[in-house]
Each structure stands twice: as structure tokens, then as C-alpha cells.
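Assemble chain F onto chain A, guided by the hints.
Respectively, the protein sequence lines represent chains A and F.
All letters in the first sequence, in the order written, are residues 1 to 81 by my numbering.
All letters in the second sequence, in the order written, are residues 1001 to 1209 by my numbering.
Because the hints were derived from the structure by calculation, they are not lab data.
Note that the coordinates shown come from a computational prediction; the quantities given were computed from them, not determined experimentally.
It cannot be assumed that every hint is accurate.
To give a feel for the contact side, a few chain F residues facing chain A, derived at Cβ under 8 Å [as the list claims (entries may be wrong)]:
1. I1050
2. S1056
3. A1067
4. F1096
5. L1169
Positions of the beta carbon are idealized from the N, C-alpha and C atoms, including for glycine.
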Amino acid sequence: MIMSLLSTANFQIPVTPMFLMVIFCILAAASIIHAVVLRYHWRNYGNGALELVMINLIYLVGLGILLGGMAIFLFAYSISK
Amino acid sequence: MIEVEADEKIIRVVRRHWIVLVGDILVLICAIAMPVILLVALHILPVEKIFAFSGSTFDAGSFFLFAWLTVVWMFGWNIWTKYYLNVLMVTDKRVFDIDQEGLFKRKSASFRIDRIQNVTVDQKGILQTLLDFGGIRIETASEENFVTLYIAHPYEIKKLINEMQDGTLDKSQEVHLHPDTLERIAPLGDQTTTAPSSGGNNLMNRDGL
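The following block holds chain F by itself, in its conformation from the complex:
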């Protein structure tokens, strides 16, 4: 599993737009069609002069067809795994940027939502605008920026991250004004002021404002 803490809630998992798969799918289609092309070539090329079959040519051909499809099957799963495990994940605490560049090349970065300074969406061209995908750049308090390209619905993600960030900031401010906290610290302030009803006013009165 992705290194999410037990009390952390996954809000959204975003993948790259399906358009990035089009090139790979075309390669796969060509690979699947390759035996057909080869079959035509077999009638043109003098295969029987190169290969000496000891049994049925049909059986040998079918064997090679299945062997080729096995290679294509494995290749296809590599493509799908790379696509599916390459995610941008938003939790209630952090944003994970996971780059699955290959079966043995993986980069995982995470940063706290309250550390995000700026979220920029970069959509270029008619295709990205019409199909609603593009790059998203997240700037954090550190110097490192996180860029994820070809993300589906980037504006939606930006809005979500902004909302999460606002929520986290509000929550962090609420801690200081929470009534329970104030009740615990109220006896310390009773020497100077009387206890008023609301938490917010409580702080203000104790400070003599």
C-alpha cells in the first residue's frame, strides 16, 4: 500500500488522462497485427528455404503466434501498470505525487497540505482544453516544486487542493479558540477577569482587549 498513515483519509486519487495511453495502444495494436503481416510475408518470402519444419507448419505457426501474444500480453501489462500506478493522491493531510516510470523506477513524493503555497494549472493547446487535461504545478514552502503532467480535470484538482488547504488552515486556527481548551486555561485568567460565555470573547477579555 501507499505510505498513508492509519488515521489519514484518502480524498481523491487522480491519474493521467487516457489520451497518454493512445500512443501505447497504437503500438500494441501494431504488435497484435504483426502475425497477420508476417503471414502475408510468409507467402512472399521463401520460408521453407530458411526453416526446416519437422512437423505440421500450421502447428508451428500457431505455437509462434501464441508465443508472440504472450510477449505482447506482458508488454501490455507493463504499460497498464505504469499508467495505473502513476497517481496524484490527495488525502486530508498530504498530497502524494507518485511517478511510476517503469517496473524498477519509481519516485514517490509527499508534502503536507498546509505547506502548499501555490497551485498552478498549465493547459496548452486545443486538445488539452477540449479534453480537460493538463499539467499541475504545486509549489511548497521548500524550494522544490511538484509538477505532474497530463492530469485529468486539473482545475477540479486545484479547487480540491485549495479547499483542503483552507480547511486545514481553519482547523489549525480553531485549536487556539476551542471552548474546551479555553475551559482548561480559564482558571488561570479568573484572577483578572470574569468568565464570559463565548470562547472567542474569553480570550479577548483575558487579554484586556
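Bound-form chain A, shown alone:
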């Protein structure tokens, strides 16, 4: 039922590099705000300075890898045909 509806649908979502760029920007902005809020919590309500450093390191490195991965594939998609 759903499959037949989808196959007969006469609309297409264009996945352009600009579309991916918009998603990337939204996610990057959201992750920066999230990081600020999270750091505020760990700095003010955490139990120690060492803990804050560890949390920052793990969180920010992980986030960097994920955003970096997104950026690489966005670039690869924009140059591929």
C-alpha cells in the first residue's frame, strides 16, 4: 500500500550540496549551543576540575570527529557527479 503510493507519487526531494550544507549548518549550530550548555553544567555542578577537562575532551573530540565526517562527505558529495 505505502510502496505503491510512494511509487506513484509525483514529487521528488532534490538532495543538492546546498541542501546538505543547510543540514550541516543547522547541526553545527545546534551542537555548539549544546556544547556551551553542557560545559556550563559540568563547570558549575560537577565535582572537580579534572572531571571537567575529561568531559570536555571526550565530548568535544567526539563532536569534532562527527562534524568533520559530515564536512568531508559534504565536500565529496559536492564534487561527485
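Quick look at chain F alone, frame taken from chain A:
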């Protein structure tokens, strides 16, 4: 930092038992597995009829995979922050009950150890008994009671709070019998009695007992 005074010593920080994280971890595992499920669905659903890719499908798919994992990463850290910052902290003066219910919802209560009237442990069921976790209710001199659920090793915490309470009460009683204090006030009592050797007897003699 938690609002602990400079001369206050943190004795123990207790968190909820790890079992409370199991549900959230399962949700996270499902979220991580979602792209795999989606990958299977892509072969079934006519995706190319819905999406028009201008470049490599692999690159677009990888981009969306990383985007999804970024969302899961942030979600996971929310869970961990809520778990880790939700604590019951015992210091040498007070007990702090901090409820981190969300990133923008936090409740922090503290009460003096010498004001505690009763500590009750509530352990229900085979799981709580075997894994040694449960609720702890602390009744204070005021009408408000503090309840923390799913605390790890609740009986140990109860014992610790009771010991701290006994220590605080003993200390508060010692102030009146301390020899230094007695030496300072002794000249006032010399008119009626001779100064004996021990502090405790000193008070008794001055009072003529």
C-alpha cells in the same frame, strides 16, 4: 561547583544505580542501529523516486549517517549528564540532595546532619535486593522529607549518615565539656569550689553535685 562551604569536607558522593541507565542505553543502541535498518529499507522502498541525488549516493548516505550520529551523540551526553549530576552528597556538615531532571531543570536541597531525625531505606523486589539499590528517605526536623530513589548501596549510606549524625551530636556536646572552655570559666567558680583535675568533674563540682 556545588554550594559547599570552604571548610566543609565532602565525605561521599552517591549516584543512582547503573540499572537506571539500562533503559536509556537500549534506546541509544536502537538509535545507533537505526541507519542499518534504514539501509535495509532503502533497498525495499523506491528511494530514488522520492529523492533526487545530484551526486554520489554513497557520499550522501555517509553524510546523513554522520548527521544522525551527531544527534545521537548529543542525546547520549544529555543522558549521561543527567545521570552523573544527579547526586546525594554527604559532607561533614550537611547532606545535599541534587536532582538533575534535565539540562534546564535542577533541584538542589541541603539540610544539616544534626537536623536529621530518621533515615529510612526502601528496597522493593528481587532486583533491588540482589543488586543492592533502593530508595532512601531522610526525615528532617522540618516537615519536608527528602526522598532519593534507586540509590546504589542504600544501607551503606544510611549507616554513614547515622555515623556522621552521631559524630556531630557528640561534637556539639563536647563543646560544653572541653577543658579549655572550662579553664576560661574556672575563675568564676573558684569562689565556691577548689579546681579539680578533670573537666567533667569540674562542672559537677562547681554546681555542687
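Tested hints:
1. A hinted interface residue such as I1050/F counts as satisfied when its beta carbon comes closer than 8 Å to some beta carbon of chain A; here the least separation is about 6 Å, so the hint holds.
2. At a threshold of 8 Å, the smallest CB-CB gap from S1056/F to chain A is about 4 Å, leaving the interface hint in force.
3. Against a cut-off of 8 Å between C-beta atoms, the interface hint on A1067/F holds, since the closest Cβ of chain A lies about 6 Å away.
4. Checking F1096/F against chain A by beta carbon gives a least distance of about 11 Å; that is not within 8 Å, so the hint is violated.
5. With a least beta-carbon distance of about 28 Å to chain A, the hint placing L1169/F at the interface is violated under the 8 Å criterion.
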